[in-house]
Amino acid sequence: MTQLVWNGLFVGSFYALVALGYSMVYGIIKLLNFAHGDLYMLGAFTGFAVLGAVGGVSSSMALPVLLAVLLATMAVTGLAGVVLERVAYRPLRGAPRLSLLITAVGASFALEYGMRAAAGADPRVYPVRLGGTPLEVLGARLTLQQLVLVAVAVALMAGLNLLVTRTREGRAMRAIALDPRTSALMGVDVNAVISRTFFLGSALAGAAGVMAGAYYGKIDFLMGFLIGLKAFTAAVIGGIGNVPGTMLGGLLLGLLESFGTFWLGGQWRDVFAFGVLILFLTVRPTGLLGERVTERV
Amino acid sequence: MKGPTPEPRPEPVTTGRDPAGPEPPDGDRTGARKVRLRGVSRPPTRASRLLANRWAGLAGLLVALLAPFVNATPYALSVMTSAAIFVMLAAGLNIVVGYCGLLDLGYAAFFAVGAYTGGVLSTRFDLPLLATVPAVLVVTVVAGVVVGAPTLRLRSDYLAIVTLGFGEIIRITANNLDVTGGPSGVYGIPPLAGDPVAFYYLTVAVVSLAVLGAARLGRSRLGRAWRFVREDEDAAEAMGVHTYRVKLAAYIAGAVWGGLAGVLFAAHLSAISPASFTFLQSALVLMAVVLGGMGSVPGVVVGAVVISLLPEVLRDLADHRFLLFGILLIAVMLLRPQGLWPARSKEALK
Amino acid sequence: MRATPLKPLAALAVLALLLAGCGQGLLGGGDDAATGDGPIVLGMLVPQSGGEAAIGPYMSNAAQLAIDEINAKGGVLGRKLELKTADDACDPQTASAAASKLVTEGVHVSVGGYCSGATLPTLPIFGKADIPMIIPAANSQELVDQKLKHVFLINGTGSQQAAAAQKWIAKQGAKSVALMHDNTSYSKDIAVRAQQLLGDQAVIVEAVTPEESDYSANITNVLAKKPDFVYWTGYFQEGGLIARQLRQAGYEGAVMVADGAVSPKLAEIAGNEAAEGVYATMTQTPETLQGAENWIAAYKKKYNADPGPYSNQSYDAVRLAAEAITKAGGTDGAKVVAALEAVDGFPMFSGPLKFTPEHTLANGGFQILVVKDGAFTLQDSLQ
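Residue numbers (the UniProt record's numbering), protein chains in the order written: chain L, 1 to 297; chain G, 1 to 350; chain Y, 1 to 383.
Pulled out of the complex, with its shape left as it was, chain L reads as follows:
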């Protein structure tokens, strides 16, 4: 039982990290950024390239080196997110919302198959692996490395939450989410704030990519697709646009999958997870922590 919970929480923290970027971007410009999962993939490959450039890493140094790589990757994917927004999304800001969806899907294809052209279709294997000896905690097997990854994820998420709720920058973000035009009138540099939001969200996805690469080991050019979908789901469960809600949503989705597998078997897992999601949304149509918003009034 505790094993199931732990499995769910561990997977869920990856979902949550990726979902945050989704959620923030959605919260601010109401864009379903389909390319977000591919920034996760880009992060994994960037980390792979950086590690390859660094050369051999002894396993005792693995964690500190990985942390450094993590930061470098976050910078790269963050910038990639900013470029993506500038090139593919900003010019369409006044266009129908769904037009942005097309450029997002286009960007997703371009990133996936661009990476394929650059790195090949074969999966790559990370040169550094976080293995570690498992510990027994309350009947669940977990490794120190897993704990470190979860801690990093939690730290990143907590930092983000502080940023959004406590800083001027965060206030600007929330203001734009409420009403971009008025925010602009009040002196908020809307474009700059949106750029920075993309930077943050993409950086988090990149971080998740490196962590997944280092922990699971295998990366390939399509690895972002499925987790992108999951992250979207997680963001919606939690209340899209809401930072703590999204984190909860990610963890909840991880738990749902873990328990769904246990109760119904792997083949029905996604049916279970989506079924619960649908039931849940019909009961609580705005997600876990989403606020009730009256639309278009």
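Please keep in mind that the hints were generated in silico from the structure rather than gathered at the bench. Please note that the accuracy of each hint is not assured.
Derived list of chain Y stretches under chain L, where covered just means 3 residues or more per stretch with a C-beta under 8 Å from a C-beta of chain L [said to hold, decoys possible]: (1) 54-63; (2) 199-208; (3) 216-226; (4) 245-259.
Some chain G residues near chain L, calculated using beta-carbon distances under 7 Å [claimed, not checked]: (5) 152; (6) 154; (7) 172; (8) 283; (9) 287; (10) 325; (11) 326; (12) 329; (13) 334.
Just a sample of chain Y residues kept apart from chain G, beta carbon distances all over 10 Å, derived [to be verified]: (14) 74; (15) 98; (16) 101; (17) 118; (18) 129; (19) 330.
Glycine included, each C-beta is placed from N, C-alpha and C at the ideal position.
We have chain L; now place chains G and Y onto it with these hints.
Relative to the frame of chain L, chains G and Y by itself:
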């Protein structure tokens, strides 16, 4: 996001009556003519006048009909037939997304329901595929109600994820059940016409009717109610439109279109499997709708043709075709944010 | 209403016309099949995009290698061989269009087919054009269930592989076996057949979702049944992760994978420690055949990469096609099919070839490999 007829201001929809059934198109004649007069006050550009020419449509159909006389290789026929089926899918989704403004990310579910119902019934009971059409209609209507009824009260983005969820549930269920053939799916489905050329013409005919029907529906009273709901659901409700039923009607119409397209699809490929009904398929249909111009029937048809043919045109690039496909999508949207052939309307889009 | 909704069909037609050139219309009446002394064209559908894109090059490269070798020796019946590949993306619709494309391009024999689900809709397309199919990789039972004259499988079938697995499991004295598959037709087929053969010994059949990274939930399920043998019937990407995660979860029994997972990448992904001692059911591979070093060397020299899954079957498919065309004295579909049916003892990687009446291999030729120092080596030939 606009139907083919420009309406500067949503007209109040008759209250009291349930608008959940298609109206005879004749009822709309005068309205349409009046609107046309109004439209003149906005001088159309030369290009749009050309595009708006009714003859262009007939010419288009003619070209589609003549195409096999120029090129009837199996490849060309296969690709053109697929494109036509895809047009029908896009026309169906356009009812849901374009007319009614409901974001559906799981449209492939209805496509799958139609294809599987036709395929399973015809192979299990040795029926000709045509005989399964009534059953397909019933099943897709039920599917539309089942998916729509619990979810249509949701806000748009939540609706998106729920439809996505249903899409996945249908696909995974088809993958897991024995009656649907599991992961290999159903094979040996009887063709609708013996000869690929005949089947192509049959498909073009069915798809033309479907597209025409969708356009008619969009101009009917129900169609106006859909657009009203899309533009302002609360106002529509206040004006007496039973928004829930109207939305459900859009859903059911979309489901039927998708299901019938599924039957054509099953006949075309002769074998169907869950791999054809992934989220990607739903996303591609949605892209066709948006790329062409939401709510615009000609736009959606063009969008569908582009989305389904572009990967084939780019096929010779092999490894790089999806890279280019993605870049082209971005470029097209940047150049024409309203879609390739947008519905002409002054109404702002959400 | 200004616009008739039909008009955009124009665009469809125009694009279609652009697509395929001209002179091939209904009235052209052209039987465009290349006859005479042009090259003999072999067509190959392989995934080049999508989730299985990694497999495509392994197959098409090996096929090209065989063609180059044959052409270097003067070709077939004095004509050169030529390979045309098309991307099926492992998707039925794409595969169907791709098959039609190959037919249009005048392919004489098809030597491709990797994903069973995507290969199924191509059977009638090639059949109608009277093109024999030698399918190197796809091996689902449904492919031959329709008893089509022109369809030949040269990969061992799921039931043969399951039988080999059962044999080895019995030899190992394993008592409770967990079967894991990825819910694709190839993989589920082997798992379900193995389950039937094993009876009560199979304690769980667990499906995983491919292309994910974390299988700990599935593994928790599997380990709850306390198996002493786990058989993974999917591909190497997930196989490597599963082998690794099984060990991390404290599993100490044996792990075996099916032929789709036999790749050096498996050991790389799992890490050498977790991969060591992983068994595999596999048809004969260059690595396990004596005298195949030359073949591997030739492949490496040409492509600067190792051969991979189904490289040898693809290579054999081309050679077999050349042999059948030679025997048939031409590319006439029916004659080539007859020649294929008559083949007896044609040397292939999987052993001397003779087709069953069902057009499958009489002997799947499955053997057991084991990972040693990161590479699959022969453990037991099961003879």
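Verification of the hints:
Note: the stretch 54-63 of chain Y has 3 residues with beta-carbon separation from chain L under 8 Å; the three-residue rule is met and the coverage holds. Check on the stretch 199-208 of chain Y: 3 of its residues sit with their Cβ under 8 Å from a Cβ of chain L, so the three-residue criterion for coverage holds. Under the rule that three or more residues need a Cβ within less than 8 Å of chain L, the assignment of the stretch 216-226 of chain Y holds, with 5 such residues. With a threshold of 8 Å between beta carbons, the proposed coverage of the stretch 245-259 of chain Y by chain L holds, since 3 of its residues qualify and at least three are required.
The interface hint given for residue 152 of chain G is violated, since its Cβ lies 10 Å from the closest Cβ of chain L, which is over the 7 Å cut-off. About 5 Å separates the beta-carbon of residue 154 of chain G from the nearest beta-carbon of chain L, less than 7 Å, and the hint is met. Checking residue 172 of chain G against chain L: minimum C-beta separation of about 5 Å stays under 7 Å; hint holds. Hint status for residue 283 of chain G relative to chain L: holds, with the closest Cβ pair at about 6 Å, below 7 Å.
Because the beta carbon of residue 287 of chain G sits about 5 Å from the nearest beta carbon in chain L, less than 7 Å, this interface hint is met. For the restraint placing residue 325 of chain G at the interface with chain L, the shortest Cβ-Cβ distance is roughly 6 Å, inside the 7 Å limit, so the hint holds. Residue-level restraint check for residue 326 of chain G holds (minimum Cβ-Cβ distance to chain L is 3 Å; threshold 7 Å). Among the interface hints, the one on residue 329 of chain G holds; its C-beta lies about 3 Å from the nearest C-beta in chain L, closer than the 7 Å criterion.
With 7 Å as the threshold, the beta carbon of residue 334 of chain G comes within range of chain L, its nearest partner Cβ sitting at about 5 Å, so the hint holds. For residue 74 of chain Y, the non-interface assignment is confirmed: its Cβ lies about 30 Å from the closest Cβ of chain G, beyond the 10 Å cut-off. With a cut of 10 Å on Cβ distances, residue 98 of chain Y falls inside the contact zone with chain G, its closest approach being about 8 Å. Remark: the non-interface label on residue 101 of chain Y conflicts with the geometry, its nearest Cβ contact in chain G lying 4 Å away (cut-off 10 Å).
Not every CB of chain G lies more than 10 Å from the CB of residue 118 of chain Y, the least distance being 7 Å, so the non-interface label is violated. At roughly 7 Å, the least C-beta separation between residue 129 of chain Y and chain G is not larger than 10 Å, which violates its mark as non-interface. Taking the minimum C-beta to C-beta distance to chain G, about 22 Å, the non-interface status of residue 330 of chain Y holds against the 10 Å cut.
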